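Undergrad: Work the whole structure out from these sequences, hints included.
The residues making up each chain are set out below.
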Amino acid sequence: MVKRLYDLAYGRAGDKGNIANISVIARSPEAYKEIKAKLTAERVKAHLGDLVKGRVVRYELDNIEALNFVCYEALDGGATRSLRIDPLGKSLAGALLYMEWE
Amino acid sequence: MTYRIGSAQGFYGDDVMKALPMIIGGHVDAVCFEALSELTLAILQKDKLANPKRGYTFDLRVIAQKILPEAFKRKIPLITNGGGLNPQAAAEMVRETAAGMGLNGLKIAAVSGDDVLARLPELQAAGEDLAHIETGERLADSPNQNLVTANVYLGAAPLVEALQNGADIVITGRVADPCLYLAPLVAFYGWAWDDWDKLAAGIVCGHLLECTGQVVGGNSLALVNRTNAAELPYLGYPITHVEADGSFILTKTPDTPGCVTLETVKEQLLYEVHDPASYITPDVMANFTTLRLEQTGENQVRVSGVTGRPRPDKLKLNAGRLEGFMRELIFTVGWPEAWKKVEQMKVMLGEILSRLPGIERVEYSYLGLNSLYGSVAALPDDPLEIIVRVMFTAQDQDTLKNAVRQIMTTGLSGPAGMSVSGTTVGAEPRYVIGLWPTLVGRDSVQPVVEYFDV
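Which chain is which? The protein sequence lines are A and B, in order. Our numbering runs 1 ahead of the 1-based position in the first sequence. Our numbering runs 207 ahead of the 1-based position in the second sequence.
Hint data in this document are derived by calculation from the structure and do not stem from the laboratory.
Residues from chain A shown here face chain B by an in silico Cβ test under 7 Å; the list is partial:
| no. | residue |
| --- | --- |
| 1 | Y11 |
| 2 | R13 |
| 3 | K17 |
| 4 | S24 |
| 5 | L52 |
| 6 | Y60 |
| 7 | L62 |
| 8 | N64 |
| 9 | I65 |
| 10 | N69 |
| 11 | G79 |
| 12 | A80 |
| 13 | T81 |
| 14 | L84 |
| 15 | S92 |
| 16 | A96 |
DSS-like, lysine-lysine: derived pairs with alpha carbons at most 30 Å apart:
| no. | chain 1 | residue 1 | chain 2 | residue 2 |
| --- | --- | --- | --- | --- |
| 17 | A | K17 | B | K523 |
| 18 | A | K54 | B | K523 |
| 19 | B | K523 | A | K46 |
| 20 | A | K17 | B | K255 |
| 21 | A | K39 | A | K91 |
| 22 | A | K54 | B | K553 |
| 23 | A | K91 | B | K553 |
| 24 | A | K39 | A | K54 |
| 25 | B | K253 | B | K273 |
| 26 | A | K17 | B | K253 |
| 27 | B | K253 | A | K91 |
| 28 | A | K91 | B | K523 |
| 29 | B | K314 | B | K255 |
| 30 | A | K17 | A | K34 |
| 31 | B | K260 | B | K282 |
| 32 | A | K54 | B | K521 |
| 33 | A | K17 | B | K521 |
| 34 | B | K547 | A | K54 |
Covered, in the sense of this in silico footprint (three residues per stretch, anywhere, with C-beta under 8 Å from a C-beta of chain B), are these stretches of chain A:
| no. | segment |
| --- | --- |
| 35 | 40-50 |
| 36 | 85-91 |
Just so you know, these numbers come straight off a predicted model, no measurement behind them. Ideal Cβ placement from N, Cα and C applies to all residues, glycine included.
TA: See below:
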């Protein structure tokens, strides 16, 4: 079985205009240490590919062992003008958690 | 002593009847209903253009008929932003409904002043450049001036005023979601408007409540292996027990399905959040990185240690502009040579769409293969079936209808085995609304509170 980010974390995606945020919430303190060290904004941006046209900014929440990724130009213009089947980007959390993990 | 706030609506169309067991069971001191997404106001504008007495959410009728009598009997105030683009008309409707039910002495408050669509020229003339938050472009410099909505996110102050003046139901237009929930806390505890830590705690409380089912087991990836799906339509909506210092316990309506755990709270805490150390609201900048979560019992999570900083100088204004219309067609293509036939179909459709001058954007995706995950998804080499979704836009609906007619003339001439979904052929074009998020000076916006008595 391929190991994926989903094995270490769960999360939820939300929309504001054309900006999506994806929370990555660690399943254990050890998992948080690992994702905090390795899951950089650059890596997230590269993984999400053409889903995210703009920059990705990472925020850390040590108090709840979670990271928050804010993805700009990620919703094809936002819920009111997107042509995507998922205009709110609710599936973006799954897209990120699908990342293969060494 | 605690003050208990229930949340019974997280979007236009939510099950507002979830308020009843909270109220009848004696589990809450106030109930809030959050009805407005970024898209909702554009939908309500269509209603209001068709009838100037409309423009509010229809859920308010259910609230007035079914929930208000029970709440009024127990002196539990109801607070909602479901007034949308017409809080006064909503208040008038509620007044008539309440009078018909004999709710004598009921006081309704309508909060407006958020709708600045008609004031945009005046604001710009007064020096507000209304530059787009992301791009920095000034609104006046943008070629599309087809504005359909423009609403400022108000804070809790006018709602607090209404509650302190004895309103039994407060109906507002655009108020920042968590501020709906902050208002009864400020009204009850008398928190000062510069007591930033307490205001921020109230904002976190509101943020956790504002999406109803999402904090009690709905839309929870963490709980996917523990979810009892048959219970999902009956989730008991969330309630917070807030102390005078702002710390609170998040729980849900007793004796109902659902659960409140550290996982459900963490999932909702970061929902639609950007910088968690600076969660911007009209009343305070809330810091989520200092708070502590603690499971204190079954379906009880205690939240403490929230801190805040002074409120921003400017308020957020979101304008909506009509950009045109969109149309969807769904085709299926099967094995053999499925990819080859899909490519032929795209060339054929491209030929038709490109000779129609009004067609603007054209987007293809393959349902079940890459429509959600784009380039993250690896496409199979030789699939048994491919479902192709084609989306295209134009300024006017006739161009789209004409395009569909011309595409359908190829029904017997297209690639082998191509089929089209009949329901998509018969569908109507949908509006494309572009949002223009910007900032406006606090002094440029004056909230108005009006009262309607039964």
